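Asks: The residues making up each chain are set out below.
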Amino acid sequence: MTHGHWFWFFLTVSSVVWYCTITIYVTFKGYADIWNMLRELRQQSETAQGKEASERPDRESHSANGNGNSRP
Amino acid sequence: MYTAQSGYQYGFAGVMPGLCQATAMFLIGVTGFCVKPLRDSGAMTLPELFERRFGPFVRWLAGVVIVMGGLLNMGVFLKIGGDFLCLVCGFDISNLVWIMTALLLLVMVYTVLGGMLSVLVTDFLQFVVMSLGLLAVTIMVLYQIGWEKLVDTVEQHHGVGGFNAFIHPSLGWDYVLFQIIGTTASTLTWQTTVARLLASKDSATGRKIFTQTSFFFVCRWLIPGIWGIAALATLGWMPLGQLSKEELANVPIALQEKIAESPIGKPLDSLSQEERTGLDPSVVGKLNDASLHAMPKFLSGFLPIGLMGLLIAAMLAADMSTDSSYMLSWGSVIYNDIMAPFRKRPWSDRTAILWNRCIVGLIGVYLLVFGLFYKLEGNVWSFMLLTGSIYLSSMSVLLVACCYWPHANNWGALDAIILGAAVPIVQLTMEKLPSLKGYAAMIGPDIAGIAAFVAAGLGMIIGSLIKPRSLSKS
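Top line first, the protein sequences correspond to chains L and V. Under my numbering, residues 187 to 258 are what the first sequence spells out, in order. Under my numbering, residues 2 to 475 are what the second sequence spells out, in order.
Treat the hints as calculated values from the structure; they're not laboratory data. As the structure is a prediction and not an experimental result, all values here were calculated from the model. Backbone N, C-alpha and C define an ideal beta-carbon position, used for all residues, glycine too. Do not take every clue at face value.
Said to hold, decoys possible - So the derived list for chain V, only partly shown, Cβ under 7 Å to chain L, looks like this:
1. F13
2. V120
3. D124
4. F125
5. V129
6. V130
7. S132
8. V219
9. C220
10. L223
11. I224
12. Y367
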């Protein structure tokens with residue numbers, strides 16, 4: 187079966203098996219990781235936008251007042 | 002493409018670089034040699050680490066040679082990708098410039114506009130598509146051509162040397178030694194590998210990356226190598242098949258016979274200098290590309306239509322993900338290390354992003370121009386390892402000295418960088434000058450590559466030792 191070259195035969199079979207395993211593992215684990223990363227980035231961006239929106243009226247009243255004592 | 006070319010040209014012995022790199026990665030991961038102190042230092046790039054030990058000028062010069070070696074090295078990628086697409090799709094090679102431009106635009110759009118996040122997501126998708134394509138084609142090759150025929154082909158064309166690089170007539174001890182040194186150095190200092198290590202959570206995670214991904218390098222060389230051997234089994238060695246009828250008619254019969262009987266991958270070796278200069282340059286270029294084009298030609302006739310589509314998607318994915326990550330890697334060195342002395346004050350995020358986009362754009366233009374005008378002769382991997390040695394030689398010596406030799410200083414570092422870069426540059430220049438081509442061929446890329454590492458090592462030792470102590474203290 188190895189045609190006299192067991193080393194290269196074994197290495198070829200190992201490569202195909204290893205590559206199959208890694209492909210399956212990376213496909214599922216990578217999908218989950220990227221999904222979580224994108225969700226976290228979206229949440230971070232929403233939190234940052236929310237913070238900015240809540241700070242804006244503060245800043246506006248602050249500048250309208252003209253001094254730094256308007257914060258309750 | 003280049004790993005398949007090695008399989009076609011040298012048989013199983015052509016997988017040697019993959020075996021060397023896998024072993025180097027595994028041993029470095031297990032022992033933590035250099036990678037542990039490097040990761041523990043907290044530096045973001047190698048030049049940043051060198052600045053701490055050898056000063057800002059060494060950092061700048063290290064950045065210059067890293068970019069020089071890296072860009073020369075990746076200069077052939079776009080052309081090889083374009084060649085592959087042209088051949089498997091059955092397009093005329095005259096369309097290469099359009100295919101290269103389209104490929105480049107595709108890569109640049111998502112690299113420049115999307116940055117690291119888009120590269121990360123597309124790299125993941127590309128890996129999945131590429132792996133499915135690689136596996137499907139490999140299983141089909143092994144099933145349809147068969148292990149016995151592959152082994153017989155290697156025996157018939159390469160003899161025992163086809164299974165053992167030490168005794169292959171075109172390889173030998175100098176090739177193996179250069180592979181061991183070169184792949185170990187690239188494991189320690191190749192920008193894309195180092196970027197992974199330095200981005201890892203801690204040194205233990207970094208070492209795990211090395212040990213657990215080491216076998217990937219065997220697959221990376223063996224799987225396409227088998228495609229190359231299958232191409233040899235199916236098509237044989239027919240360099241004249243590259244030429245059109247008109248081009249063939251212009252080659253004298255005596256020369257045709259010599260070319261047909263030439264060793265695999267070296268179609269012009271049996272011709273005299275006069276006979277070579279008598280050939281049309283475009284004919285010489287096509288003959289030189291015969292071994293590189295063998296695998297895509299074989300696949301274009303071997304695969305059924307559906308699988309061919311998957312393969313093209315796979316190869317496009319492999320090509321584009323490599324181009325995009327290399328552009329970002331070398332772009333970051335240009336921005337962080339080479340341009341650093343020109344920034345008196347830190348730039349705003351907006352300016353930094355604009356500059357990075359411009360750098361990536363310029364690298365893309367360079368890839369297109371270099372790919373179109375540089376005439377690559379011989380084995381692509383030999384060219385890549387030699388151009389890589391411009392910086393691998395000195396950077397690996399600097400890294401080892403930085404981590405383990407307390408007497409190393411900036412004089413030694415500068416000597417190592419200059420000497421390590423000079424040897425491969427001289428060899429590459431000699432290869433392009435007709436009057437010195439013969440000497441370059443006599444030395445060969447392997448001896449030149451080994452000499453680069455020796456020169457860099459000696460430069461570091463001698464330079465460090467001759468620096469007066471009074472200057473060292475200051």
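Asks: Which numbered conditions among the earlier hints are violated in the structure presented, ordered from lowest to highest?
Replies: 2, 3, 6, 12
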